[in-house]
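Reconstruct the complex from the two isolated chains, following the hints.
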Amino acid sequence: MRTDISKINEATPYEELTEGLITFAGGTARDFHTGEWRTDTPVFDKEACKQCLLCAPACPDGCIPVKDSKREDFDYDHCKGCGICAKVCPFNAIKMVEGSEPK
Amino acid sequence: MSVKDRMSGNEAVAYAIKQVNPDVMPAFPITPSTEIPQLVSSYIANNEMDTEFIPVESEHSSMSATIGAEAAGARSLTATSSCGLALMWEELLLAASNRMPCVLALVNRTLSGPININCDHSDAMGARDTGWIQIFAESNQEAYDNFIQAYPIAEDPRVHLPVMICQDGFITSHAVMNIELNEDNEVKEFVGEYKPEEFLLNNNKPIAIGPYAISSYVMEARKAQEEAMENSKEVIIEVAKRYKERFGRGFELFEEYRLDDADYIMVIMGSAAGTAKQAVDDLREKGMKVGVLKIRVFRPFPAEELAKALSNAKGIAIMERTESYNGHGGPLCAELRAALYENKVFTNVVCYTYGLGGRDFTVDHVYEVFEEVKDVTENGKKVTQHRYINLRTNKA
Chain S
3 MRTDISKINE ATPYEELTEG LITFAGGTAR DFHTGEWRTD TPVFDKEACK
53 QCLLCAPACP DGCIPVKDSK REDFDYDHCK GCGICAKVCP FNAIKMVEGS
103 EPK
Chain X
12 MSVKDRMSGN EAVAYAIKQV NPDVMPAFPI TPSTEIPQLV SSYIANNEMD
62 TEFIPVESEH SSMSATIGAE AAGARSLTAT SSCGLALMWE ELLLAASNRM
112 PCVLALVNRT LSGPININCD HSDAMGARDT GWIQIFAESN QEAYDNFIQA
162 YPIAEDPRVH LPVMICQDGF ITSHAVMNIE LNEDNEVKEF VGEYKPEEFL
212 LNNNKPIAIG PYAISSYVME ARKAQEEAME NSKEVIIEVA KRYKERFGRG
262 FELFEEYRLD DADYIMVIMG SAAGTAKQAV DDLREKGMKV GVLKIRVFRP
312 FPAEELAKAL SNAKGIAIME RTESYNGHGG PLCAELRAAL YENKVFTNVV
362 CYTYGLGGRD FTVDHVYEVF EEVKDVTENG KKVTQHRYIN LRTNKA
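These protein sequence lines are chains S and X, in that order. In terms of the working numbering, the first sequence opens at residue 3 and continues consecutively. In terms of the working numbering, the second sequence opens at residue 12 and continues consecutively.
The following block holds chain X by itself, in its conformation from the complex (with noise of 0.2 Å):
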């Protein structure tokens, strides 16, 4: 039986830890953290969960000691946002590379400069190449749903990859939505105890984690690592599948919306694509046949499978929440259209960006980018790249 609520994406999480409840969580609570560690440690402090809290120095220090928690033979997590996971950098290619399977609860909001803190993909999308798992949410549900599939993905034995829940910074993060939550005997069922087959403070098995390599080792590390990330494919898709039949959501590794019979399909993560979808049910009530595409797993990118659903398009939108700043589109445009190519999908494509800094982005512009692809699909308008959308220019 689930128990109907109302939450914001902060408390979801929290929540979600309150009844995983893990064994450590080493954080830094101080902006640009998130409610998230706060709420976790009132649920510690009114004893409703008895996870061992690190109040850290910096988010240096607490993905350190996640993965320090972590190798010693503890569930561990931790959470932050924005230059919070900038600082983490470092250590979150050690905790991909010694495979730990711990889990950081993301709030998206973007890097500095200007200095802001509203919602944007760029602290998620620097790591990306970090050797994370990354599932992003557009509703606090679908936050919630993530955070209790993470320790299941992460700690598959074909996977033993560290994964990053994402969800967007204030929108999600701070709105408060119906939520629907599960009982907490069946989360601590689903998730399972956490029994390592090796670790640090086992004294009758000795190991060592983290070694020096040197040029002769490196590679051949590297390639087993891309593989495990590879095979965290198929175990995103079971544990999803076998989350659906437990407690009735399910979700793939994106989620297809209205893509059936559509000409013009808009490819988005996170929070807008809520939007998105209301503008497809707009456009279709006027006949218009839109679709929406919304990525929920960035990390594996399921580049084969994004194009299969892509290739009866006719044009298509690839929708940018960071930029790279180097003249050809973010990481999403960059790699989508990379995969189109690859499975010989030519189609139109037209990447645009939008919502940086926390900018609004409506159901408005949504149809102004159906229209748009819709004109250079059919009447070959030249559209500029990497248009930025709702952006004050004097430019026509």
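Extracted from the complex, chain S is given alone in its bound form (with noise of 0.2 Å):
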């Protein structure tokens, strides 16, 4: 009954997909890398970072993670690029570059 996301794609034939295609599963939206849609992509300069975090709670996709305190890199498997994150950044510390790849 539970439902193996990984085992369910576009090849899937119809009596194998869920009734409803209800997600018998939780927390799903991990395995599916939203990050394929970027076309913009946010580049981090950890030199020019203060550590400010205004960039994170901004992130409306949860992609900016902070440990003890400090932002990381970027989750790229699931930035959209939407670029939201450079705009409130106060020190420059994030600039956004043209294509899929942070270069």
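Derived from the structure by calculation, the hints contain no laboratory data. Just so we're clear, the structure is a prediction, and the values are computed from it rather than from any experiment. Possibly wrong hints are sitting among the right ones.
[To be verified] Simulated pairs of lysine-lysine, DSSO-like, Cα-Cα distance not exceeding 30 Å:
hint, chain 1, residue 1, chain 2, residue 2
1, X, Lys15, X, Lys29
2, S, Lys69, X, Lys216
3, X, Lys15, X, Lys255
4, X, Lys234, S, Lys9
5, X, Lys319, X, Lys255
6, S, Lys9, X, Lys206
7, X, Lys216, S, Lys9
[As the list claims (entries may be wrong)] Listed next, the stretches of chain X that the computed footprint assigns to chain S, with coverage defined by at least 3 CB atoms under 8 Å from CB atoms of chain S:
hint, region
8, 153-162
9, 171-178
10, 213-220
11, 226-232
All C-beta atoms, glycine included, are put in the ideal place defined by N, C-alpha and C.
So this is what it looks like as structure tokens:
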């Protein structure tokens, strides 16, 4: 009855999909890499960053991990490249670059 | 043991709801609603049942809340009529596609315009392709019996689809008739406890309901849903059989009234079937071999079974209580004629439209229809299809 999301894909026959496409599992969004949608990419400048942490809560997708009160590099698997973090950064420590890869 | 009483159709369904005592009932209690939510509210206020009643702000919301409650793990229902059902349109589709086994008590009344609230099947027929199982009643008794069978059908793992229990506005919903009511405990035992395997409020087993699906999944989801609708046919028959064993009143996908040797058959749904049966008895006394086929289950449409039951008829009258504005008749006519063609039953078929917006339909009209179908069959009379019965007109 529980859904193994890794076994469902675009080749799955209808008999093996779940009823009403209900996902009988939790936290499956993690396995869905929305980072593939990105056309612009934020790049983190560690030297310029003052660790003010304004960026982390501004991210709509929770793609700025914070550990021990310090932000780490972007979660590029899920970052859609919206650029909000770059706008809120007071220290120009986040730059948006064209394309889906951080350069 | 059953209890004899007299009740209106609204009262009968409200009483069935009380006996089933579902968990949640969101409803919008204003015109074009029915007495059903009002009567249920009274039962709740009097501590005769403990259903959670949610007075919402529209029918769009009542259906949404019904889906939400059902998804959360509660046995849910709502009730409405006419344009109330029309306002639920978007949610009706979601209830079915999210495979929610909720129930809707519908009183069939017309849709505007001209503005009118009397009986016809416009509301249910408008919702016929939303993925709901639709069961129609001829009498208050049948509306009551059908409601008690609704959850066992909807909640069967082979089905998991919503069920619409339909009865004719005013004719059935307001007229008081004798009725046999089942014992409370026997109804509860028949319907059983609702124990969903998966539900939203189960924090140990999280689920996500109603996802967005990209094009690669939509057709597969629809096919599975369509298959569940097909499967529901056998479940509807099984539940009816179990109901008969328990309570003595039997049901099928449709009722065959004096069809065995019938040359001419009228196919009809809802309360007017009673009128047609009376006319058939009268005509039989005069030696005319006629019968009535009353459709109980419109969704799923019992195409093959209907064609088989009609295969020996010389002439068939299909009675439509809605207008499809397509120049080619309504849904019952179109689907039944397709079913006859598909199953190679080639006979004389005349479609009629009757009883729109509460227009009277009497035994005299049934005589008239049978005479005309006989004339078509025996003398090749040319008729206009989809002729309105009991219409004022300048045409001959």
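Hints the structure violates: just list their numbers, smallest first. 8 and 9
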